[in-house]
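Undergrad: If you want the building blocks of each chain, they are given just below.
Number of protein chains: 4
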Amino acid sequence: MDVAFIGLGQMGKAMAANLLRAGHTLHVWNRSRGAALELEPLGARVAAQPAEAAARAEVLMLMLADDAATRAVLIEQGVLEHLPRGTVCVNLSTVSVAAAQEFSRLAAERGIAYVAAPVFGRPEVAASAKLNIVVAGDAAAVARVRPVLAAVGERIWPMGSAPERANVVKLAGNFMIASALETMGEAAALARAHGVPAQQLLEMLTSTLFAAPVYQGYGRLIAEQRYRPAGFSLTLGSKDVRLALQAGEAAHVPMPFGSVLRDRFLEALATCDPDQDWSSIAELSAQHAGVTAPTAAGDAGG
Amino acid sequence: MDVAFIGLGQMGKAMAANLLRAGHTLHVWNRSRGAALELEPLGARVAAQPAEAAARAEVLMLMLADDAATRAVLIEQGVLEHLPRGTVCVNLSTVSVAAAQEFSRLAAERGIAYVAAPVFGRPEVAASAKLNIVVAGDAAAVARVRPVLAAVGERIWPMGSAPERANVVKLAGNFMIASALETMGEAAALARAHGVPAQQLLEMLTSTLFAAPVYQGYGRLIAEQRYRPAGFSLTLGSKDVRLALQAGEAAHVPMPFGSVLRDRFLEALATCDPDQDWSSIAELSAQHAGVTAPTAAGDAGG
Amino acid sequence: MDVAFIGLGQMGKAMAANLLRAGHTLHVWNRSRGAALELEPLGARVAAQPAEAAARAEVLMLMLADDAATRAVLIEQGVLEHLPRGTVCVNLSTVSVAAAQEFSRLAAERGIAYVAAPVFGRPEVAASAKLNIVVAGDAAAVARVRPVLAAVGERIWPMGSAPERANVVKLAGNFMIASALETMGEAAALARAHGVPAQQLLEMLTSTLFAAPVYQGYGRLIAEQRYRPAGFSLTLGSKDVRLALQAGEAAHVPMPFGSVLRDRFLEALATCDPDQDWSSIAELSAQHAGVTAPTAAGDAGG
Amino acid sequence: MDVAFIGLGQMGKAMAANLLRAGHTLHVWNRSRGAALELEPLGARVAAQPAEAAARAEVLMLMLADDAATRAVLIEQGVLEHLPRGTVCVNLSTVSVAAAQEFSRLAAERGIAYVAAPVFGRPEVAASAKLNIVVAGDAAAVARVRPVLAAVGERIWPMGSAPERANVVKLAGNFMIASALETMGEAAALARAHGVPAQQLLEMLTSTLFAAPVYQGYGRLIAEQRYRPAGFSLTLGSKDVRLALQAGEAAHVPMPFGSVLRDRFLEALATCDPDQDWSSIAELSAQHAGVTAPTAAGDAGG
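Residue numbers (my numbering), protein chains in the order written: chain A, 851 to 1152; chain B, 851 to 1152; chain C, 851 to 1152; chain D, 851 to 1152.
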């Protein structure tokens, strides 16, 4: 298929490469041209403007940072205007529910089907084409883009025909990850304050009841207080918690854990390096309890 | 070994049966005699009084409801007084950190080694001897009781020589489970309010990032709003959250998620059936958002 | 002075009448013309368009519902464009910090001084010209508008030269009122659950330690569970708490009480009549504790 | 009347002196004898043991630090045992609801009427006999002790016949004060982060809507960050918040503001001097927002 792919950060570049490997024709554009040029040897055609890439596409795929970046490309830089009628716009970005509603409405007005397809997975997962993709949009449009989604992800999770539903699921998922971080932070502070090293606590629990990728991966970072380099920064984590809360606010959903998280991320942004990994909110629990230094493990595990 | 086993609720009875199967000699006692008599055909010797069971033991095992029940048996009913010097007291119950410190001090005064050994696992896990046992106490005493612990659990997690450490880990673990319940409750309310059935959200997330026993088991209950019969009641969940907070309070550890949970359980006790499963705190998120009835799944999953 | 006054709700109408009484020349406009016509007998000149009112003003005064209404008048309806250079724009409305910054920047670009002057006081206080006015903006501009402010308020509280500072103070003040409402709600629920009527509790405390207008006025409403007609609705209260939280978010200020309030107002909007008085969030504390009906006062006060 | 007065801290000593001035006969006892001897010149008779003071009393008045101190005197040191039948025990101390229920039950068993009479007011208020006294207990017993209460307080607030009701009101009141402290802390942090000195904000609000003793007194301490010497320490504040939460817990009353306060006080105890004034919890809001130093007031108040 002829695919326009816009947004070539770590995630986008890995996905674009997989689309090329799967034999699709790719027209790529990125704000900083370097990332686009890296894909040329793999066969990508580098467009000078996003609208130029879009003009030839059967499918447009976006992997952008946020609402503002998506709005800039789709509207201000004329992509939506130049897309051929009948094209499917697949937005892989984590955007707000309100933005998804706005973009899908504007797309519909121009005869474009809008499919929301946010993904779960980190860059290395994207590289091995094992992302989980949450998809919502018109059923026929979703069916048409299945081949391109199959080239970048391991599994597709359909969520119905209203595109913003996929965004709700993505935001709910990121909220759940942030909750797990805070939970481990508080549990680790409780343990440390009683002389149990966080590592001992978390190793036990993440090998048993909490033997899931989120807990094991982040549990290790928290136990080792290793927050650099960030897989996902405090700034991005804070943004996603805010989007989840906004989605809740629009539908009158109180989220007390979400509110605690909001305050945690604000404190982290006010007092820590915002480029640290978002799991570093766990340190705040330790600081507030006066147990910032890891407990010596002398007596541990006798 | 000669083992006195006191406390034959669902968990205790399953563990006692496994000890008998492993060839140990068991002196059993339970407040309501019926449960003890059920073990007689398997070879258990039923004592008339807890002190009588204790009098012949090399190892005393307790599996009681809470601090008060443990204190009643150990102190008021004279068990500690009648235990032969050199016996090891293995407390499998979920008691408070303060109680563990008190019991181990009183035991030490009488020449008894106190080993805290709270367990993770539900009755069916106990029945198949696959419990995870968190153990803390004097190293020599722990070594002596390994054979009996091995008969009831799959894996033993040593946490050092101060007994209360094991209780801290147990309480931190139950706090983490309660946090997962609240997290799923809020995420499900957010999803429902936007037309996404809780089932769709939770199936996706508990098959991928949150593919752990706690999330899968309880996620199903929450998605199906199926809270009876209780595996673990609101009353017990409330108690364990309180014990975790008390342990935090004693060491000056603020736990904002713990505080939200405390208020959730109080509301549940004030307005729901306290014998429901503790995962029913998830319903409060739905009620507060005005989305109590499950969303019709008509459009879902296209 | 020649004053254009835009926005004639309950508050605005009362303030405009006081300006007329003080001898100022008033050009008035309101979205629904009726309110403007009511002021004609007092001498007001009713403009057909907001820009027409603005065109003749030395001072423009705005008393509008929110950011959107202010933006509509100032920008979309061309008021800022038609204001004579050198005019002072006095915004009495409760707008966001971000909006105040935007409006004052746009005003400055056109040679207009922007003075933020949000007010504390309810309609009856406005009618008797006893409002407290929080003022921030260029010192010379503030000095010029003192006579018109003096005609509507009892006291002027200067907050410096950056206009948004006045908005911060207004939002902080409304946050503090909302906190007082929640505090009384929780205290009343605690009292009721122990058989003490809310009235007895609140009468005692608001006659002594908390003998302030906010506690006395709202304490009576809460004790009597009398939430209609609203002096200030749940919808407006929810908006102001959101604006306070947004101001905090922009500056990385965690506000845990603010977060609790956010969730309270969302629950109230999801489950109650949004036009009730905002003090009705106190009822949620009672509901969550299962003490919704007022306690019979039989034994009380013996 | 013959009054036994036990507990001569700052508050108790001031009250005892007022009773002497009013012409009552006082038998006093205090754990550290010095405080008792100071009252001798005023006519107090210093007892060697609390039971000795109690033996001659028509009325026993207690002004002790907490549940434990009250239990020690009443039970362990035999005061309840030695009180003549028909004596009225007036407990002025801030004790828990559970303790009040226990003490009144034990007193009733010995034919003693128990009147709970906790007071609001600081030492200087006690010295001028202007305390507010919240009273609950058997109506006849309350009537009998009115003269002695009138000698120490300005106003008596009857709360019914169940003694613990007075304690509920006292704890609810202290919870409300703590809420006011946190509220001002958050509002001040919000203001500071936007360049408005806390002093400007709080002076405005505590002169108008919040013109009540609690806000004015503590508002000044917070604005000036002046937390020594303590009028009421972090340790005592933390205790009273805990007692309010326990009273809520016993009756299934969720208190989300109370929960935030609990975490605040724990953090303060973990990271600050516990002897500071309890209003210093306001500093945590500033720290978490990264605005610990007071904003220079250069531009302020133009």
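Source of the hints: derived by calculation from the structure; they are not laboratory data. Where hints are given, some of them may not hold.
Reference listing, derived: stretches of chain D covered by chain C, where coverage requires no fewer than 3 residues with Cβ under 8 Å from a Cβ of chain C [to be verified]: (1) 1000-1013; (2) 1069-1082.
Below, simulated BS3-like cross-link-like pairs (lysine-lysine); rule was C-alpha separation at most 27 Å, straight line [to be verified]: (3) 1089(C) - 980(C); (4) 1089(A) - 980(C); (5) 1089(D) - 1089(B).
Stretches of chain A that chain D covers, calculated by requiring three or more beta carbons in the stretch to come under 8 Å of a beta carbon on chain D [claimed, not checked]: (6) 963-971; (7) 1117-1128.
The beta carbon of each residue, even a glycine, is placed where N, CA and C say it ideally should be.
Undergrad: Could you grab the alpha-carbon distance between residue 1089(C) and residue 980(C) and see if it respects the 27 Å cut-off?
TA: holds (25 Å)
Undergrad: Mind taking a look at whether chain C covers the stretch 1000-1013 of chain D? Criterion is 3 or more residues with CB to CB distance under 8 Å.
TA: It holds: at least three residues are needed, and the stretch 1000-1013 of chain D offers 7 whose Cβ sits within less than 8 Å of chain C.
Undergrad: Under a C-beta cut-off of less than 8 Å, do 3 or more residues of the stretch 1069-1082 of chain D approach chain C closely enough to confirm the stated coverage?
TA: Three-residue rule not met by the stretch 1069-1082 of chain D, so violated; n is 0.
Undergrad: For the pair supplied as a hint, residue 1089(A) and residue 980(C), is the alpha-carbon distance within the 27 Å limit?
TA: With Cα atoms ~43 Å apart, residue 1089(A) and residue 980(C) exceed 27 Å; violated.
Undergrad: Are there three or more residues in the stretch 963-971 of chain A whose C-beta lies closer than 8 Å to some C-beta of chain D?
TA: violated (count 0)
Undergrad: Would the hint linking residue 1089(D) and residue 1089(B) be met if the CA-CA limit is 27 Å?
TA: Holds, because 21 Å separates the two Cα atoms, which is no more than 27 Å.
Undergrad: Examine the stretch 1117-1128 of chain A for residues whose CB is less than 8 Å from any CB of chain D, and state whether their number is three or more.
TA: holds (count 3)
In terms of the numbered hints stated before, the structure departs from hints 2, 4 and 6, listed from lowest to highest.
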